[in-house]
Amino acid sequence: MDRATTETKLINGYQHEFPLVPRPFQRIGESLGMDEDEVLALLRDLQDRGALARIGAVVSPRTIGTSTLAAMTVPPDRLEDVAALVSAFPEVNHNYEREHDINLWFVVAAPSENDVATVLHNIERRTGLEVIGLPMLDSYHIDLGFRLPCG
Amino acid sequence: MNRIAPSPAIDDLDRRIVKATQSGLPLVPRPYHALAETLGVTPEQIMDRMRRLLAKGIIRRIGAVPNHYRLGYTANGMSVWDVDDAAVAETGAAMGQLDFVSHCYHRPRQLPIWPYNLFAMVHGRSREEVEAKVKKIAALLGDREDGHDILYSTRILKKTGLRLVD
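For the record, the sequence lines run as chains A and B.
Read in this note's numbering, the first sequence has 200 at position 130, and its numbers run on one by one without any break.
Read in this note's numbering, the second sequence has 68 at position 60, and its numbers run on one by one without any break.
Excised from the complex, chain B in its bound form:
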């Protein structure tokens, strides 16, 4: 389980680096030098700060961010589960370990319209593939769930990645 601490202290330079890198590193031979020039600091400062932000968990990873849809993973199913609150941590931890679950979050119910408290993103090339994977989750949960559903996305209306805004 990975409970995320609220806003650890980061300074202005950290914030500027995150803002400058979140839409992507420039595809040039010396990307950190290019960033350094834009931000008026040294490339070593950029690399040191990014290393520290990674160590602190503020940056989760640095690397290639693929586009699932363009790679043929077009059946993006958000599986949602109604799980006893007392069992949610244990159940979520088990679901999060499945290799086909890309994100697994505990969220509040919004009764009466929304009864589900556990969300697991399941990617597949087809709905059949997603449904087969969701069946595996259901088998794993057994009687710990009181119902589930799969919400397929039919359109991406906006996607920019998590961004800082002022």
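Chain A on its own, in the form it takes in the complex:
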């Protein structure tokens, strides 16, 4: 098995059921015909290259605390400053610039609805710009990870 195939197998095969056993990397290695050390080295390398963000738990939205998607229409000449102000809130965990009149999109997560509302309000107060809140009402897809095409 070449390296690229091994990497694809690692990323595709272990997005969902990472082993909850004392030596999970050894278990993964057994299924791929590799040593524990080789699995760890490959994962560290994928992480160094940025292809792997992390191995970890993905928490369901709104099971611990609450969150909302929010968006703002920011004049282009203020985008850098406003984006930096928004990103500086620890409650903001994603912040994207998107091509649209409504050009700044971010997710605010906090322990309660009240805390989320306070963050949105503070952003409005400090920027003088309107923030629209778009909280999830329903989810129609359970995130099973992201499958890379083989080959």
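The hints are simulated quantities; they were obtained by calculation from the structure and are not laboratory data.
None of the values given here were measured: they were computed from a predicted structure.
Cβ coordinates follow ideal geometry from the N, Cα and C atoms, glycine included.
Incorrect hints may appear among the rest.
As the list claims (entries may be wrong) - Mimicking SDA-like on lysine to any residue, the simulated pairs with C-alpha atoms at most 25 Å apart in a straight line are:
{"no.": "1", "chain 1": "B", "residue 1": "Lys64", "chain 2": "A", "residue 2": "Asn163"}
{"no.": "2", "chain 1": "B", "residue 1": "Lys64", "chain 2": "A", "residue 2": "Pro89"}
{"no.": "3", "chain 1": "B", "residue 1": "Lys167", "chain 2": "A", "residue 2": "Ala154"}
{"no.": "4", "chain 1": "B", "residue 1": "Lys167", "chain 2": "A", "residue 2": "Pro146"}
Unchecked claim - Just a sample of chain A residues kept apart from chain B, beta carbon distances all over 10 Å, derived:
{"no.": "5", "residue": "Asp72"}
{"no.": "6", "residue": "Arg73"}
{"no.": "7", "residue": "Glu108"}
{"no.": "8", "residue": "Arg124"}
{"no.": "9", "residue": "Val162"}
{"no.": "10", "residue": "Asn184"}
{"no.": "11", "residue": "Asn192"}
{"no.": "12", "residue": "Thr197"}
{"no.": "13", "residue": "Pro205"}
{"no.": "14", "residue": "Asp208"}
Take the given structure of chain A and dock chain B to it, following the hints.
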């Protein structure tokens, strides 16, 4: 459909485990032992609690979290749809089953500036690929939609994953 219940009871140890693991497990031979040492509990407790959090749906999955961008999926298109409220559950369920839709959510409209109530993330290597996929969604919806748009991200300004903050 997957309606998520508001804040089921979790205790302090659950919360500490989630906080300690959300930025990633340590890449060492015995990651749960390393965590256990940090949190002052046994590795078995960590694994048991994580199993329970998974069973309760608080942890959705444990595993590799790839970076779409670094993998060449650079055309991250947020497709947004204006769908009749009465048809939104059925439409969302159908869209969520498409293999190229990674997330599909019902969100409120914010009229007059935001008319769309259904969001579906579509990933592709190019805008052409994303547009072809969005056309497939439009064909599936037929006259159940009153309009749609695709918002491409031009920059990621912050991305840390969903995190607990105090």
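* To do: Kindly indicate which numbered hints from before are broken by the structure, ordering the numbers from low to high.
  => Numbers 8, 9, 13 and 14 - these are the hints that the structure violates, sorted from lowest upward.
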